[in-house]
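Undergrad: So the chains spell out like this:
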Amino acid sequence: MPLGDIGAAIGIGLTYFTIIYLTGLGGLFSERSGIVNIGLEGMMIIGTVTGSWGTHHFTLPAPEGLGWGLPWGPIMGLLIGMLAGAAFASIHALVTVTFRVDQIVSGVVINLVAIGLARFLSTIFFGQATQSNPGQPHLNPVDLPLLSHLPWGLGAAFQRLSPMVVVAILMVFPVWFSLYRTRWGLRLRSCGENPEAARSLGVRVAPLRYEGVLLSGALAGLAGAYLSVEVTYGWGEGQTLGLGFIALAALILSNWNPIRLMLAAFIFGFAQAIPLRLMDAPVLRLIPDQFVRMTPYVVTIVVLAGFVGRVRPPAAAGRAYEGATT
Amino acid sequence: MATAPLAAPQVGSRERPEWIENLAGQLLALIVALVIALLLGSVIIIAYGESPGTVYGAIFHYGFGTKNGFGYVLTEATPLIFSALAVAVCFKGGMFNIGVEGQYLVGMVTASWAALKLDFLPGPLLMWVAIAFGILGGIVWAVIPGILKVRTGAHEVVTTIMMNGIAVSLVAWAINGPLKYTQQAGFHTPNLRTDAFRASAKIPDLGHLFGIGSSVHLSWLLIGAVVTAALVWFLLKRMRLGYEARAIGASPGSARAGGISIGQVQIKLFVISGALAGLVGMQQLLGDKNYLPIGYEAALGFTGIAVAFLGQNNPIGIVAAAILWGVLARGETAVQIQTTVPREFVIILQGILIISVVVTYQLAKRRLLARQLQTAADVEELADSAAAVDVEGLAKEDR
Numbered sequence: 001m002p003l004g005d006i007g008a009a010i011g012i013g014l015t016y017f018t019i020i021y022l023t024g025l026g027g028l029f030s031e032r033s034g035i036v037n038i039g040l041e042g043m044m045i046i047g048t049v050t051g052s053w054g055t056h057h058f059t060l061p062a063p064e065g066l067g068w069g070l071p072w073g074p075i076m077g078l079l080i081g082m083l084a085g086a087a088f089a090s091i092h093a094l095v096t097v098t099f100r101v102d103q104i105v106s107g108v109v110i111n112l113v114a115i116g117l118a119r120f121l122s123t124i125f126f127g128q129a130t131q132s133n134p135g136q137p138h139l140n141p142v143d144l145p146l147l148s149h150l151p152w153g154l155g156a157a158f159q160r161l162s163p164m165v166v167v168a169i170l171m172v173f174p175v176w177f178s179l180y181r182t183r184w185g186l187r188l189r190s191c192g193e194n195p196e197a198a199r200s201l202g203v204r205v206a207p208l209r210y211e212g213v214l215l216s217g218a219l220a221g222l223a224g225a226y227l228s229v230e231v232t233y234g235w236g237e238g239q240t241l242g243l244g245f246i247a248l249a250a251l252i253l254s255n256w257n258p259i260r261l262m263l264a265a266f267i268f269g270f271a272q273a274i275p276l277r278l279m280d281a282p283v284l285r286l287i288p289d290q291f292v293r294m295t296p297y298v299v300t301i302v303v304l305a306g307f308v309g310r311v312r313p314p315a316a317a318g319r320a321y322e323g324a325t326t
Numbered sequence: 327m328a329t330a331p332l333a334a335p336q337v338g339s340r341e342r343p344e345w346i347e348n349l350a351g352q353l354l355a356l357i358v359a360l361v362i363a364l365l366l367g368s369v370i371i372i373a374y375g376e377s378p379g380t381v382y383g384a385i386f387h388y389g390f391g392t393k394n395g396f397g398y399v400l401t402e403a404t405p406l407i408f409s410a411l412a413v414a415v416c417f418k419g420g421m422f423n424i425g426v427e428g429q430y431l432v433g434m435v436t437a438s439w440a441a442l443k444l445d446f447l448p449g450p451l452l453m454w455v456a457i458a459f460g461i462l463g464g465i466v467w468a469v470i471p472g473i474l475k476v477r478t479g480a481h482e483v484v485t486t487i488m489m490n491g492i493a494v495s496l497v498a499w500a501i502n503g504p505l506k507y508t509q510q511a512g513f514h515t516p517n518l519r520t521d522a523f524r525a526s527a528k529i530p531d532l533g534h535l536f537g538i539g540s541s542v543h544l545s546w547l548l549i550g551a552v553v554t555a556a557l558v559w560f561l562l563k564r565m566r567l568g569y570e571a572r573a574i575g576a577s578p579g580s581a582r583a584g585g586i587s588i589g590q591v592q593i594k595l596f597v598i599s600g601a602l603a604g605l606v607g608m609q610q611l612l613g614d615k616n617y618l619p620i621g622y623e624a625a626l627g628f629t630g631i632a633v634a635f636l637g638q639n640n641p642i643g644i645v646a647a648a649i650l651w652g653v654l655a656r657g658e659t660a661v662q663i664q665t666t667v668p669r670e671f672v673i674i675l676q677g678i679l680i681i682s683v684v685v686t687y688q689l690a691k692r693r694l695l696a697r698q699l700q701t702a703a704d705v706e707e708l709a710d711s712a713a714a715v716d717v718e719g720l721a722k723e724d725r
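Top line first, the protein sequences correspond to chains C and A.
Each residue of the first sequence is one higher than the one before, counting from 1 in this note's numbering.
Each residue of the second sequence is one higher than the one before, counting from 327 in this note's numbering.
Excised from the complex, chain C in its bound form:
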């Protein structure tokens, strides 16, 4: 098999890594604060449709001397997708933290509502329910230094990547620092482990859980916006393909750790690339391509089944905090 194919597959893997990693980090903040977030997929969906709208809406010829020559369309699209994801996540926060509804029930509802809301928003934004208008601009792709010069075609993996891939990779630093080296991070994690004890030490549980859920919505929304702005160059219904759930699986595989989550996200991201790029690889060529298409899902199930018993979720995740809500 030519290594170039593998290089290209790694490149696609990095694209999906970005989506899965950003969304997974969202799940990380939420679950570390003690709120299980099955609704990541829905928050991504909201990010896709609003991100696409933001890109279209802000792509205007900037007045002379303004705009600094930056591609404001895609930048605003990404930001708006992020904000919209957070706004949408506030429903999950309200329902689970304030009304203490079962967190999985709420997450499932969030996903149901997101599909409908996306269609509704799409009719407002684009005048049609299931896709955006063509001609959507995107950020200029970048080559990663050094890596893009790898020989045997492997360098192709690191050429012409969206700048967002770099952003996602760098995201590990602020996330790790905020969770493990700040007072806020310690308090957030304590809410996910033992909210009663945290409360007895003067930590206000509910606001922290709100913050965790809103952050998770922002990151999932950003991931969705990245998908529609930087990967597919437009919104289309159903384009999230269950990636929000795959991100959840990656989060479990990572044992709720932002550094290990990078590896997990890349494994699942690469699995996505197999049916797209490695169809013609020696063994895979013999299998009907509908079966090759199952790879990402099968990989997710197998990995989840194999690892779930060996990891430890935040102890209080999924459990409503019954104490004072302020």
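Any given hint could be a false lead.
Stated by the list, open to error - Between beta-carbon pairs, the in silico distance windows are:
#1 Asp280(C) - Ala556(A): 50 to 56 Å
#2 Gly579(A) - Arg312(C): 17 to 23 Å
#3 Gln662(A) - Asp280(C): 29 to 35 Å
#4 Val311(C) - Leu695(A): 55 to 61 Å
#5 His57(C) - Gln662(A): 24 to 30 Å
Claimed, not checked - Keeping only pairs whose Cα atoms sit at most 20 Å apart, straight-line, the calculated DMTMM-like set for lysine to aspartate or glutamate is:
#6 Lys506(A) - Asp521(A)
#7 Lys393(A) - Asp531(A)
#8 Lys691(A) - Glu347(A)
#9 Lys691(A) - Glu344(A)
#10 Lys691(A) - Asp102(C)
#11 Lys506(A) - Asp289(C)
#12 Lys443(A) - Asp531(A)
#13 Lys691(A) - Asp289(C)
#14 Lys393(A) - Glu658(A)
Simulated from the structure, these hints should not be mistaken for laboratory data.
We treat Cβ as the ideally placed atom computed from N, Cα and C, and that holds for glycine.
Given chain C, work out where chain A should sit, using these hints.
TA: Quick look at chain A alone, frame taken from chain C:
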């Protein structure tokens, strides 16, 4: 000895059977949720410059105004009843079967296989065998996440979603491979569907008995769905498995302490849930089309989750909720034709309704629980005072 009256727990006028309290609470919560949804919906309607009365009137009229209209509603409700029941069975046991979507797709493939390859079967037997194969397909697809959950602890929400993704590819493979279209192309594009089944595979029409047109495709499966709902109610309320499921759903720890084998019960629930899911596609497959088209993605599985929540996972409630959902689904067309509001408004209305329902049910449940705790505390207090009297009596006796 004890001469003092050992007070029966007569706690004021609040002495009503528990199920009436539950039912009243659920109904009240549903009504409140409906009112909230309609009010918030009105805000959107007014923003579009329409009158809420016109829009809601159009939805109501399309659903209930004509015989055929109501027939469509019932046809729409038929698969949703099965789908919501499948969700509810798992939910009662504290599990989420989000994979009804994939389970019914697989059920449609296996049922199609039976209808095409076993077409030597005489008369209506072919229909029954096809349905049985549909059930079997649903079971196979549901039992995998069930076993994975019990054996490895892999959460069923993630695994069932992944099984959905696999099912979509499986259907594509079946239609391009073993069930490929072989008949004369005619007006249809080949490759996008299977061959037509024999007419004997079709589920008989029910609508004509009530003067509903045959184009509505209201089939006997509706009766089947209602009967199934009754059976599921019986299973959950009156059978050992249902009791065990509810015990696990309420508190897995107590259920285990009570000697219930949680894993076994959960797998059984997934089997039943899968069987119900296998029936979801039958209305389209055997009640309407009589062949399997590709790209069949009606999202009946996900809608079933909404209907199950709306019906509070109660089989009787589910039948009502499915009909309500059918009215709303049909309302999309009404809104589009008769008003200036886009049809997607109805989806938003459904979304608001589901969120409100989930929240109001939760609040009602908490209120009820608080009340029961209060009642229990009152009873305890009475019992305490009775015991105190008793002690006095004993003391007197001793003297």
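Undergrad: Tell me, which hint numbers fail for this structure?
TA: 3, 4, 12 and 13
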